[in-house]
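Visitor: So you can see what is in the structure, the chains are spelled out below.
There are 2 protein chains.
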Amino acid sequence: MNTIALSAERLLARLHHLGAIGRTGDGRLSRLAADDADKAGRDCLVGWLHEAGLEVAIDRVGNIFGIWRPVGVESEEALLLGSHIDTVIDAGIYDGCYGVLSGLEVIETLKASGLCPLRPIAVAAFTNEEGVRYAPDMMGSLVHAGGLGVEQALAAIGTDGTRLGDELRRIGYAGAQEPGFLKPHAYLELHIEQGPVLEREGLSIGAVATLQGISWQRVTIEGVANHAGTTPMAMRRDAGHAAARVITFLRESALAANMPAVATVGSLQLEPNAINVIPARAVFTVDLRDPDELHLREAETALAAFLETLAQSEGVTISVERLARFEPVMFDAALVGTIERAAAARGYACRRMSSGAGHDAQMMARITPSAMIFVPSIAGISHNPREFTPEVDLIAGACVLLDVVRDLVLPT
Amino acid sequence: MNTIALSAERLLARLHHLGAIGRTGDGRLSRLAADDADKAGRDCLVGWLHEAGLEVAIDRVGNIFGIWRPVGVESEEALLLGSHIDTVIDAGIYDGCYGVLSGLEVIETLKASGLCPLRPIAVAAFTNEEGVRYAPDMMGSLVHAGGLGVEQALAAIGTDGTRLGDELRRIGYAGAQEPGFLKPHAYLELHIEQGPVLEREGLSIGAVATLQGISWQRVTIEGVANHAGTTPMAMRRDAGHAAARVITFLRESALAANMPAVATVGSLQLEPNAINVIPARAVFTVDLRDPDELHLREAETALAAFLETLAQSEGVTISVERLARFEPVMFDAALVGTIERAAAARGYACRRMSSGAGHDAQMMARITPSAMIFVPSIAGISHNPREFTPEVDLIAGACVLLDVVRDLVLPT
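Chains as they are written, first to last, in this note's numbering: chain A, 1 to 412; chain B, 1 to 412.
Looking at chain A on its own, in the form it has when it is part of the complex (with noise of 0.2 Å):
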């Protein structure tokens, strides 16, 4: 390949100048989707893309793309670079942002390189990917993808009482495109992993070939309250305990399975909660996630039987209800092998790996061959203003993405 470098200290300068957007009085950062803040983070972007000579075109559900069409191109479909800039109540400057800033920089740098690309290349910001102020969360590039209706995504009513579409057309991004306008050829997203598995193994990416699977459940616990004094070990039925018992049970099996298989209890309440009470019930949340379906279903299928034979042995009474459902994301095989290729052309070391959070990335395999690149996030901190990833591990994944790019699009 001819040596072309992108410009380490444009892309690092727009991160910082987008991170100092939508800062609140005591300086925490909240870009929630079609507020005011985050109205002025896509005035900035666009900003950027109009400089960068690209073709802007805001969607309906006022997903932003920004187009590189070099002239005699006649493909239709677009190598589509995205992520989004909303953002968490008090963020990191990193999440999303770090995604859609290295495309802008990757289609900037291919195009003073004097390159001619087989097919357009875009960037896109996709709307409310946090889902934060209105659900869905990942719903811009879920519309896109077709998977929930226009109508019903500018229906979405916030945490703060608002209609998404209403919001979206004060702050001028009710876009005019119909979603999905664009066909993509490919989907690449570039991220910060949110988890501590590269830091830990001392590698610079990971070339993601799985979003994991989630199963959430909530699961309740009947046991009978009685006096902590008088009642013998042997005669109770401690839902506290019974759930402490799938507590230990969930880890047990979740070490013992393949090591992107996890399993957390994050939530639980006991009553009466009396320190003098056996617990008479025990309501609490498990989360299973797994890369592989086939996994996750046997991970279910396992609690589901320690549920019963616990309720038996423990003579307690336990119900489950579903919360959440979604089957694991397989990510292209080819682009995860370009995406490896091009990292250890580089010399960066790199694992294939999973992600355990979701990503619009999930929402565009729907349509097109997809995957994502990741950077470390520093002791796996993220949705926090601690989120950081160092200026070497940017730049990497930036000329990684570059490269899969060029990989991609340029003739051999």
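None of these hints come from the bench; they were simulated from the model.
Cβ coordinates follow ideal geometry from the N, Cα and C atoms, glycine included.
One should not assume that every hint holds.
[Stated by the list, open to error] Label pairs and their calculated CB-CB ranges:
#, chain 1, residue 1, chain 2, residue 2, range
1, A, Ser313, B, Gly27, 35 to 43 Å
2, A, Arg28, B, Glu151, 50 to 58 Å
3, A, Pro272, B, Arg325, 20 to 28 Å
[What the hints assert, rightly or not] A partial selection of chain B residues facing chain A, derived with a Cβ cut-off under 10 Å:
#, residue
4, Ile4
5, Ala5
6, Ser7
7, Gly356
8, Ala379
Starting from the structure of chain A, add chain B where the hints point.
Guide: Then chain B, alone, in the frame of chain A:
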């Protein structure tokens, strides 16, 4: 022994009569220390004491005594039979009242029999055993035993902002006697078990040899909050899982220990308590009880050692706060033996046992030989309208009390 028989009919009628006093509009029974309902219950009891021809004495903390001093008996020390008539909120009719009314029944029966005891016999209803309105519980007997100053007790501020001393004066039960004025020769308390042991084992009588020591601790485990999807199992510092390990450890340890040992985690809070966040913090209570001080200390030591190991293996920080600690009470072995013999002579199935709950008897044990007689509580339920002891068992308990009293105070 001469065959003298108590009046089961009178005892049961009084129990139901007293149990009808203090019902709220919705039928729930509540007679909290020194409230209007308690006054009505006290007035009823005092009426019966007078009817029985007993000397009625009220001390400064409101304890009520009905004393039979047979003519010609010179001993000052009385055989004291007692319990309490205050209740919890939404109570059953047996807890406490059964012991007081049985004591009265035994004295009336002996008085009517023409037999002359060697010393006075008295029945006591101690103030504020339940501790629902004023702390501490078992207050009246504690003051009687010299464990709490009368001024301090009277200064207690209730959950409703009232002062116990004011309320006792208001209801006419701020008596003139100095607490402890009546010197006991021995103390006997007949009580419902409030636990399931006697019923499960098909026994009528429990000879209570010990009252469990209590150790209350609050444990705080600090882990690290992290994304439930992106944090591999082996890298977690999950405060909730560590808490679950403690709960199962306590259960297994208590099961492996001697039967009366119990361990309960009744209260637990997780933070941030979100479905998709690994718990950063778990705060829970530990209630350990054992009738043997040495075993209770061993249980505390074993827990401390487990927490230390756990902190290392789970990568969490654990701190422990002591909330309460009461040493076990050993009741008088001779009295316990007398109870067992009395039960056997009547043909009642009986066992030695430990009380898991606190009782006035534990305060009296500080100053005089004491013991308790238990009768079954169906399903172990107490502090609840469903509290129930079959009449046949109520009568059996009162008969055993009668025989033990005869054994202690009649010339052989």
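Visitor: Could you run down the list of hints and mark each one as holding or not?
Guide: A quick look at each hint next to the structure:
Under the hint 35 to 43 Å, the C-beta atoms of Ser313(A) and Gly27(B), about 38 Å apart, fit the expected range. At roughly 54 Å, the beta-carbon separation of Arg28(A) and Glu151(B) lies within the given 50 to 58 Å, and the hint holds. As the Cβ distance of Pro272(A) to Arg325(B) is approximately 23 Å, the hint placing it in 20 to 28 Å holds. Restraint check, Ile4(B) versus chain A: the minimum CB separation of about 33 Å is more than 10 Å; hint violated.
The beta carbon of Ala5(B) is not positioned within 10 Å of any beta carbon in chain A (closest approach about 31 Å), and the interface hint is therefore violated. Look at Ser7(B): its Cβ only gets to about 30 Å from chain A, farther than 10 Å, so that hint breaks. For Gly356(B), the interface hint holds, since its Cβ comes within 10 Å of a Cβ in chain A; the closest pair sits about 3 Å apart. Checking Ala379(B) against chain A: minimum C-beta separation of about 9 Å stays under 10 Å; hint holds.
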